[in-house]
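Residue numbers (the numbering used here), protein chains in the order written: chain A, 1 to 326; chain B, 1001 to 1323.
Keep in mind the hints are simulated off the structure, nothing from the lab.
From a predicted model like this one, the values you see are computed outputs, not experimental measurements.
Using N, Cα and C, we set each Cβ at its ideal position, and we do this for glycine too.
It is possible that part of the hints are untrue.
Here chain A is said to cover these stretches of chain B; the calculated rule only asks that three of the stretch's residues, wherever they fall, bring their Cβ under 8 Å from a Cβ of chain A [claimed, not checked]: (1) 1084–1097; (2) 1108–1120.
Derived contacts from chain B toward chain A, CB cut-off under 7 Å, selection only [what the hints assert, rightly or not]: (3) L1100; (4) H1105; (5) S1160.
One letter stands for each residue in the lines below.
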Amino acid sequence: MAREIPYIQALGEAVHQEMARDESVIYFGQNLGLTDDDPYVQAFGSDRVRVTPISETAEIGMAVGAAFAGFRPVVQLYMSEFMLVAMDQVVNEAPRFYGMSGGEVTVPLVLQAGYGFTAGWAGQHTGTIYGMFMGVPGLKVAVPSTPADAKGLMTASIRDDNPVVLFHSYLLTLEHGGVPEGEHVVPLGEAATRREGGDVTIVGIGWTVGLALAAAERLAADGVEAEVIDPRTLAPLDLPAILRSVEKTGRLVIVDQATRHASAAAVIAAEVASEGFSALKAPIGLVTALDATIPYSQPMEEYLMPSEERIVAAVQQAVGSSPVAA
Amino acid sequence: MVSPAEVDAALGLELLRGMWRIRAFEERVGQLTRADEVHGLVHLSIGQEAVAVGVCGQLSSRDAVYGNHRAHGHAIAKGAPLAALMAELMGRDGGLCRGLGGSMHLVDVEHGFLGATGVVGGNVPLALGSALASRLAGHDAVAAVFFGDGAAQGGIFVESVNLAALWALPVILVCENNGFAEFTPRSAHSPVERVADVVAPYGLERATVDGNDVDAVRRAFAGFLEAARRGEGPFLLECLTHRLRGHYEGDPQRYREAIAQEEWQRRDPIRRLERRGLDERWLDDDTPARVEQETREEVEEAVRVARESPYPEPALTSELVYA
């Protein structure tokens, strides 16, 4: 049964249900399970639910070692930027071992990391940094855009035998949506079509999926039907789903909360230009944050971010350069 | 505490053979590197064999051991088959990691060698994870991790020591303090001479021993191991040793004077154990040369088997991205 719960609660529900289902799932992080009445501690005990010092490198490295032994650690990092202090473990240990060992060891590990809290948190806690991780072979990257996907992708991530960074959007934290109560799995590597349309494809990622859908409604009022694709995972990337849509619409606009240079949007654009060029009737549009550190002041913050208006403008440009058949 | 066994003929020979096996293997790897049969970056541990042997000889395959970039000795002492190890260094399909890992990234799960990592200090927290897993699973396996004195200046080391002490994990940190971090003497890296002093504030049980004395390493480690088997920890064993070769094969070593042959004979852990065995009469005069010869033959056989192993299918690399 689906009922409406917030995105953040859906994530927690997945962790809780998986811990109940599988004793090898352990959960640790900073400021976690501090009291005896913490629901995770109550349900699973303080052996499996552990508070760690502010030592991301040791924390993640320890999780990798426990994963070698068959445990399935979920490391709660809160801010994705905190992973940056542990890049050796995230990039050069966890995802390398399966390949380097010739397939002898696996690392079933989930790093739960919030991103993009552009709500006055300024330069160091607001980054949309999933693009930095999507090019690391062996690492999976999930970016849920709805409460149901938050639960389903977290469940799939915990069950996956590879290290997964699950980037959850801080801007979606309290967004409500229908979420199945029982087991709910969204396979990693399968895009979702959020809206069907024949005139233009809009790819949104995480928070920008909602933005793309809102823009699509405005465009529909002007007679432009947009198809909105949500990749849901950036690694592996469901490129075939994007190409199929572009094959149908001939136009592509990619919306990414990250800064533009070397972004997920840029990678997807390059793949489509390379693999789907013949289907394109117009240049690919990119709507991203501007290439700058996220500023504190609110008007500046808004200026830098992608917006509904920018998506509409990008679509109009794509359509305008080759008018939609009447 | 049960005191560790005295060195008798059986144990002495086992320790001697263990060290010779590493020495003979690595000397051969040095030659094969120069002949380009082993390619890429190779770090040899010649001179440091007593540490690997003194530690790993007491562990079982259920105990997780982690090595660093200089890990051939750790893997061999933990039981990795020489032929598979040599095949790995030659990039062959029959290698420990089917040719995907190479010298710095050896893994042999069957023998509890969970792995070598090439980034200094990167392996330390992994051992904490193995120790935690052992505790959660309720068995008495322990974890041991080898690292050099250069790793002790990294934040990852301090973070790991803090966490291991905080959670009292059954892990034994084994520092091979050879006085050089890559090309630089310890004095240029830290004002703290002994790594055992670096961890002092965390209250770890610790010892600094002569790392070229395999019996001293073995005895100190035995005490820690016994306690770790009961679930205690962490421990730090600092072994003062000497790397006879450069940081890597081909290192011109302009940063230090070559050790005099006479001085090396005095320090060499293999020669020391041989002298002791002869003095204590658990070795007869002919045995050292025989052990050397046998291990060299063992290594030649490993080279032969490795050479016969084919190169892996190149596409294997794409198959082993995701599990």
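_Check of the stretch 1108–1120 of chain B against chain A for coverage (Cβ-Cβ below 8 Å, three residues minimum)_ = Since 6 is at least three, the answer is holds.
*Would the hint on S1160/B stand, with a C-beta cut-off of 7 Å toward chain A?*
holds, 5 Å
_Just to be careful: measuring from the Cβ of H1105/B to every Cβ in chain A, is the smallest value less than 7 Å?_
Holds: closest Cβ of chain A sits about 4 Å from H1105/B, inside 7 Å.
*asked:* Does L1100/B hold up as a contact with chain A if the rule is Cβ-Cβ below 7 Å?
replied: Holds. Min distance 5 Å.
*Can the stretch 1084–1097 of chain B be counted as covered by chain A under the rule of three residues or more with Cβ-Cβ separation shorter than 8 Å?*
n = 3 at 8 Å, threshold three: holds.
Comparing the model with each numbered hint stated earlier shows that all of them hold.
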